[in-house]
Amino acid sequence: AAANYLLCTNCRKVLRKDKRIRVSQPLTRGPSAFIPEKEVVQANTVVERTNFLVEEYSTSGRLDNITQVMSLHTQYLESFLRSQFYMLRMDGPLPLPYRHYIAIMAAARHQCSYLINMHVDEFLKTGGIAEWLNGLEYVPQRLKNLNEINKLLAHRPWLITKEHIQKLVKTGENNWSLPELVHAVVLLAHYHALASFVFGSGINPERDPEISNGFRLISVNNFCVCDLANDNNIENASLSGSNFGIVDSLSELEALMERMKRLQEEREDEEASQEEMSTRFEKEKKESLFVVSGDTFHSFPYSEFEEDMIITSDVSRYIEDPGFGYEDFARRGEEHLPTFRAQDYTWENHGFSLVNRLYSDIGHLLDEKFRMVYNLTYNTMATHEDVDTTMLRRALFNYVHCMFGIRYDDYDYGEVNQLLERSLKVYIKTVTCYPERTTKRMYDSYWRQFKHSEKVHVNLLLMEARMQAELLYALRAITRHLT
Amino acid sequence: MEKMSRVTTALGGSVLTGRTMHCHLDAPANAISVCRDAAQVVVAGRSIFKIYAIEEEQFVEKLNLRVGRKPSLNLSCADVVWHQMDENLLATAATNGVVVTWNLGRPSRNKQDQLFTEHKRTVNKVCFHPTEAHVLLSGSQDGFMKCFDLRRKDSVSTFSGQSESVRDVQFSIRDYFTFASTFENGNVQLWDIRRPDRCERMFTAHNGPVFCCDWHPEDRGWLATGGRDKMVKVWDMTTHRAKEMHCVQTIASVARVKWRPECRHHLATCSMMVDHNIYVWDVRRPFVPAAMFEEHRDVTTGIAWRHPHDPSFLLSGSKDSSLCQHLFRDASQPVERANPEGLCYGLFGDLAFAAKESLVAAESGRKPYTGDRRHPIFFKRKLDPAEPFAGLASSALSVFETEPGGGAMRWFVDTAERYALAGRPLAELCDHNAKVARELGRNQVAQTWTMLRTIYCSPGLLPTANLSHSMGKGGSCGLQLMNSFNLKDMAPGLGSETRLDRSKGDARSDTVLLDSSATLITNEDNEETEGSDVPADYLLGDVEGEDDELYLLDPEHTHPEEPECVLLQEAFPLRHEIVDTPPGPEHLQDKADSPHVSGSEADVASLAPVDSSFSLLSVSHALYDSRLPPDFFSVLVRDMLHFYAEQGDVQMAVSVLIVLGERVRKDIDEQTQEHWYTSYIDLLQRFRLWNVSNEVVKLSTSRAVSCLNQASTTLHVNCSHCKRPMSSRGWVCDRCHRCASMCAVCHHVVKGLFVWCQGCSHGGHLQHIMKWLEGSSHCPAGCGHLCEYS
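Residue numbers (my numbering), protein chains in the order written: chain A, 2 to 484; chain B, 718 to 1507.
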């Protein structure tokens, strides 16, 4: 089962010139296209632990590629699988096939064929009606109504208002009850975020897809073969600046450590003025505008993108309005929606209570997962040990929230600038906002000295930060609907 | 505000007056604090920081502390506190981690005094020392608590909460050096202000963040904590280990908790999400709040008692941008709306009910209950030794027990166990069941079975002796009917068209006849019921004591004459079910009876209608020497089943339904059948007749019922070697490829019924183990355990 790969525009040009070149077999094997297989291989105890977890919590009952990559962080894997298992299999307001269909709808927003295929199987296995897989026209109106919120949540969660919630729950033939809606929202946010992880970590299609049931999509990776060849010959305009050699990257790491130390000390003596602080957030927000998502080869306008994709027609049957995508939060100058003040609606105080009230116990599982990923550390940075990485983790988490317009009063956004280099910002923005455009080159270009497991940790942080951001917006809207 | 009542309290010279009132703020409030003179309140929020004077009729804005051209984040307040010693001193906690102090005595417009920028994250709480003028404590999201001396530029000491976010800090009112802090992970710590290196004591108070705490103003060492787990707990810290004394369960996460002045057991709470009300609880009555303030339209974020010695004024700020003064007198009291009466049946037919104490006392004083002679029931009153409460409502609980071993439902169990429902020809089944019923003294039921046999079975001789003694009241007509049928049955078969036609014609004339006489019968029946009024009245008189207690509260029933007629229909059945009706004449129609709580036998009262209609038929048909098609009776049988079910004897209805099968099924609608089945199964399970219930489920044709024993039929087995679940097959472990369940006797794999000892966990084939244990009392595996098989 060979996976097909998309061709980047550059390669396509080459191909057009020279018809003889064939698309080669994927060069990497193992669970991820980005991470060499041997990196994912674990010590025996870990493998045992992972197997145990898979047995306990996996819905498919087998070790899939996502789990394999995540097993680099077993502690986290456990809370991830537990919450995922809870929302898919345990007591909840929605019937099982619904849950998988919602997962499909969520994954389809990012054209994540990996997740779609996975849940198409599960959907059928749990007794879903096969006809639904023909597309949205075939599903009950009730599910179709979820489209709007799926779209907004995936790309511009700040646009969700209590009117959207009201529209869904108002009494009528196809209304959603609040617990059902919360369940659906949790599922949507989970799978949007998981799509980020899948693309961000270059998860390979499952090696042995079961006998095709006709609804599976052709497994297509969004990476071009030229990415996989790890061939840096192709000149990359936008990234050339960060194209260090080995020596450079070593000093790059040293520089980062140095900056972290300086920031820590700076805190003690010099304080930025208040105005300065608030402008820094705005600046960071604005700057994220100019962080071009994807490299130049992939950042073509969407229309062209769509037309070139063989799979969009397949995926788009699960979504409406495929052109709707992330729009920079800062760009909408005219409307000027207020910044989401993190302190006014926090996960710990507000989000948790609401979600737990309407969909019992999921709050605890999500809470544990968020805490876990935020506090996870091995006190290492690349080759260095005994490093306090709190600052770095916080910067990553808050930068993601910043792109969704969530501001922390007690955070100095200047730190983001200091700690996150440009190539990393490009990567973060792509993974969280346009995950389908992630390439191996982007993955490789930041933090060259860091271990793969550390980069997976970054992906986990990005995923959870994104999920929390989406949940916060959705739950705030529900709270407003309730009051 | 329609609430205009006014309260004046004299407090050591100063007088507090006011009314329930509210004022609109420009922005949502995050916290409020009261000046010690009880005449001013400060409101702080993300974009508001104002001082209001509390006047008699209204709030008057006195000062806006939010000055300056650009709103700084330092002014975005998460918390505010007013010094209780110094009227000019305030402190705020900003969301960006800055602690600011304010001096109202400053001549300039900007009252900002000092700025402490030591916290890295949002400061959640600030607290002044209750007696020391210059000591300020802060707790922050970054996991540190800092103690500031206002005469110095930076903190005096830092207390570390091990990187857990601090949600609240409170100085003890009684112990000079002590303060409590609460954490996001559910812990509460006690610190000595002089020892910043480690906390004096730590314990887990809640599941999830502890949002707030408050020291009791009078009782040393009492600390109230409120958490996200929707609980308020009161701890006694004077003992060696913190002891949970009270626990109040609220409906939403608890954001603030404040002890009520002068009321030792009262505290006020407000919640962080969903619930907008403020509650005042008596911690000894954790289920119903003592008072409730419902003025706010969004979550309440700050509460404060106006004066430390006045329990009647509560101030609150809310996210709905309003500031309120609540008067305790105007509070709504859920207790008043609560229904202090409750009634419930126990598993074994016990009846418990609680009613207002005053009512119970009055009743029992007036009319002590004397045991009912005719009912084998034992009444016993246990008065709950309730705490002597100053509370508004207290109820007394009474429990009526059925006499142990009274065998109230013995007949039901016997019948269920002995009835034959399938597996034999219809005639035999009917005979068998009739015999069973007769042996249990249920003659009418026996009669019915016999009649069913007659109707549906091929002609055969019936021992008439069965019938003669089986009839109760309307016996004579019944006998007549049966005899006439016997005659017909023995007659040669019918077949000719004309006969059929004629019989049809007869049927028509019958209906007419039947109608007229049916009314007649009903009248008769009524008369009979009336005739039996005397015992019924007698019964009522006996139970009046309790029934009055139950109904007196209802204004409709307070009339002294009325209860009797009401009780006849409603109140009586409550007791009637547990009573084993002696097989004597009783004519109480249980109108409100549902098959579910059946048990009252359908006695003689039922005989009249059934029998009379039959007798009518028999009269008309005795003239013709013909046999009616069985279909003819299906209507009557249907009515009979309905009748039994309505009488509460759903057992009969279901048994007949099963025995007759297809013959009657089509006449009764699916839903009714299903209802009967489920009721009967429910009853059987209550009597632990699992086998019978399963048989009924199996024999039922209703899909909804027969799927009952197809649910949760999976038995999960773990491998005895590797302890992993065995997924594919129950006897071979996929992982260690060993056969998990071996028979200890024959050493073969057990694939079917497996029995094992719960003591030594050895076992094997059911048959083998049974045989083994007949001969030996030791475990067949040789482990020396003395296994028992029961």
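Since the hints were made in silico from the structure, they are not lab data. All values derive from a computational prediction rather than experimental measurement. Even glycine gets a Cβ: it sits at the ideal position worked out from N, Cα and C. Any given hint could turn out to be false.
Residues from chain B that keep clear of chain A, each with C-beta distances beyond 12 Å, as calculated [as the list claims (entries may be wrong)]: (1) N805; (2) G814; (3) I968; (4) C980; (5) V1352.
List of simulated lysine-lysine pairs, DSS-like, C-alpha gap at most 27 Å [as the list claims (entries may be wrong)]: (6) A/K426 x B/K837; (7) B/K837 x A/K284; (8) B/K1036 x B/K1073.
Structure-based check of all given hints:
{"no.": "1", "hint": "N805", "result": "holds (25 Å)"}
{"no.": "2", "hint": "G814", "result": "violated (5 Å)"}
{"no.": "3", "hint": "I968", "result": "violated (9 Å)"}
{"no.": "4", "hint": "C980", "result": "holds (28 Å)"}
{"no.": "5", "hint": "V1352", "result": "holds (41 Å)"}
{"no.": "6", "hint": "A/K426 x B/K837", "result": "holds (24 Å)"}
{"no.": "7", "hint": "B/K837 x A/K284", "result": "holds (21 Å)"}
{"no.": "8", "hint": "B/K1036 x B/K1073", "result": "violated (40 Å)"}
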